[in-house]
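With chain A fixed as given, assemble chain B onto it according to the hints.
Just so you know, the sequences run in chain order A and B.
Just so it is clear: in the first sequence, position 53 is 53 by my numbering, and no numbers are missing.
Just so it is clear: in the second sequence, position 116 is 116 by my numbering, and no numbers are missing.
It is possible that some hints are incorrect.
Claimed, not checked - A partial selection of chain B residues facing chain A, derived with a Cβ cut-off under 10 Å:
id : residue
1  : Glu57
2  : Ala60
3  : Phe227
What the hints assert, rightly or not - Computed, partial: chain B to chain A, Cβ under 8 Å:
id : residue
4  : Met53
5  : Ala183
6  : Gly185
7  : Ala217
The hints are simulated quantities; they were obtained by calculation from the structure and are not laboratory data.
For glycine and all other residues, C-beta sits at the position ideal for the given N, C-alpha and C.
Number of protein chains: 2
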Amino acid sequence: MRIKAVVFDAYGTLYDVQSVAAVTEQAFPGHGDMITQLWRIKQLEYSWLRSLMGRYEDFATVTRDSLAYTLRVLGLASDPATFDRIIDKYLHLELYSDASSALTAMKGCKLAILSNGSPAMLNALVQNSGLDSVLDATISVDAAKIFKPSPQAYALIEPALGVSPADVLFVSSNPWDVSGAKAFGLKVAWIERITPEAMAATCAASDLVPPLTMFKALRTQMDQLGFAPDYRIAALSELPGIVASK
Amino acid sequence: MRIKAVVFDAYGTLYDVQSVAAVTEQAFPGHGDMITQLWRIKQLEYSWLRSLMGRYEDFATVTRDSLAYTLRVLGLASDPATFDRIIDKYLHLELYSDASSALTAMKGCKLAILSNGSPAMLNALVQNSGLDSVLDATISVDAAKIFKPSPQAYALIEPALGVSPADVLFVSSNPWDVSGAKAFGLKVAWIERITPEAMAATCAASDLVPPLTMFKALRTQMDQLGFAPDYRIAALSELPGIVASK
Numbered sequence: 001m002r003i004k005a006v007v008f009d010a011y012g013t014l015y016d017v018q019s020v021a022a023v024t025e026q027a028f029p030g031h032g033d034m035i036t037q038l039w040r041i042k043q044l045e046y047s048w049l050r051s052l053m054g055r056y057e058d059f060a061t062v063t064r065d066s067l068a069y070t071l072r073v074l075g076l077a078s079d080p081a082t083f084d085r086i087i088d089k090y091l092h093l094e095l096y097s098d099a100s101s102a103l104t105a106m107k108g109c110k111l112a113i114l115s116n117g118s119p120a121m122l123n124a125l126v127q128n129s130g131l132d133s134v135l136d137a138t139i140s141v142d143a144a145k146i147f148k149p150s151p152q153a154y155a156l157i158e159p160a161l162g163v164s165p166a167d168v169l170f171v172s173s174n175p176w177d178v179s180g181a182k183a184f185g186l187k188v189a190w191i192e193r194i195t196p197e198a199m200a201a202t203c204a205a206s207d208l209v210p211p212l213t214m215f216k217a218l219r220t221q222m223d224q225l226g227f228a229p230d231y232r233i234a235a236l237s238e239l240p241g242i243v244a245s246k
Numbered sequence: 001m002r003i004k005a006v007v008f009d010a011y012g013t014l015y016d017v018q019s020v021a022a023v024t025e026q027a028f029p030g031h032g033d034m035i036t037q038l039w040r041i042k043q044l045e046y047s048w049l050r051s052l053m054g055r056y057e058d059f060a061t062v063t064r065d066s067l068a069y070t071l072r073v074l075g076l077a078s079d080p081a082t083f084d085r086i087i088d089k090y091l092h093l094e095l096y097s098d099a100s101s102a103l104t105a106m107k108g109c110k111l112a113i114l115s116n117g118s119p120a121m122l123n124a125l126v127q128n129s130g131l132d133s134v135l136d137a138t139i140s141v142d143a144a145k146i147f148k149p150s151p152q153a154y155a156l157i158e159p160a161l162g163v164s165p166a167d168v169l170f171v172s173s174n175p176w177d178v179s180g181a182k183a184f185g186l187k188v189a190w191i192e193r194i195t196p197e198a199m200a201a202t203c204a205a206s207d208l209v210p211p212l213t214m215f216k217a218l219r220t221q222m223d224q225l226g227f228a229p230d231y232r233i234a235a236l237s238e239l240p241g242i243v244a245s246k
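Bound-form chain A, shown alone:
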């Protein structure tokens, strides 16, 4: 098995979507973490539902609509400036601390992002975080007008990089994305960004309220969709070793 390209999911894998919590907390004191969690769940739901309905709109729209739902269901009123300030954070998400060094250490491979994000969102994010100098391509599902985990989304990798699916290592923290990529035929590494042990420790050490724990419980275990990852890793720093051994 050779790995000729390593392709990363963006949101939750290279970029910390939970880092929007600081902005939502500033806008709605006491509600930041709850907004962040609920928003993320509805954002994913809307991407899957629109895909299944055949009513694709890009991820910028889905992200705005899911934030609007979240504020509405929580009974929180926002002015346009506050709303836009929260949305803008999606263009300035923080890179996980292990991302840049892991990417740099694999420069012998082709490196890319395959993300649900719209081209405008992804280009801004990649530039703002300085990843544009190490990535060979930033692939948006927008070219296929359907979101992951549709096979049509993963099929965008081969024409963009000239690498066949069996030679691609796809990396994601999202269990549903891992399942979709495996179903399509990629090699897959699942990075467990929140291990059950880490979640238990976080809950014990903080005033993290139960609903947040439960929201995270939706994503901390591999989904039962009939597929398992080839590799389970705890940090992106494990990837160069995996790639070198192949």
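Showing chain B alone in chain A's frame:
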């Protein structure tokens, strides 16, 4: 506008999926409501994800897999007999109290169910609840091998009943199902099984813990998917009046 057929979603609309909580509570004291909520969320997620991945398995499989995930993430071990006893409840869900009389009052229309449930699940459920005598058809998405809200699922109504989409009133409590049915071109009534006011009252009057409130928050408001129902109703007993006025 004429209404020639009234077609109902099953789970959450005619049948109370929350009624499994008594069985899950008996099996896992103190965890019943949490299991019920988390199970339902994962059950829906798996139906959407499998549809989008092109990896359809029937709703019996999805229901078992989502329960297995739920027990695993909550750290609850079950023996096969307990697991099967919980699953079996899906064949004996309780009818909402307003279901039978509303159906009987509309016998001049064609009446049917269109559900994600497998044929075996739905046939058992309809027989066990006595609805087989009032329904003209029980339509399972299994014939299309894809779940709602795919348009292919709603397209099963016309050949089954011989009624064109514009003459069908589809009734669902699920906002995503309302959106999908409207996108397909049906007339749609949204029954708000949990109004925000009822949810607030329930929370105030009981020891309902926050995570359950939040899970319900995922479904109590109409989704922002670009569609709105034709009718919003609080009980199925409003339907005969709507049908008679057309």
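- prompt: Going back to the hint list, which numbers does this structure go against?
  reply: Hint check: 2, 6 fail, others pass.
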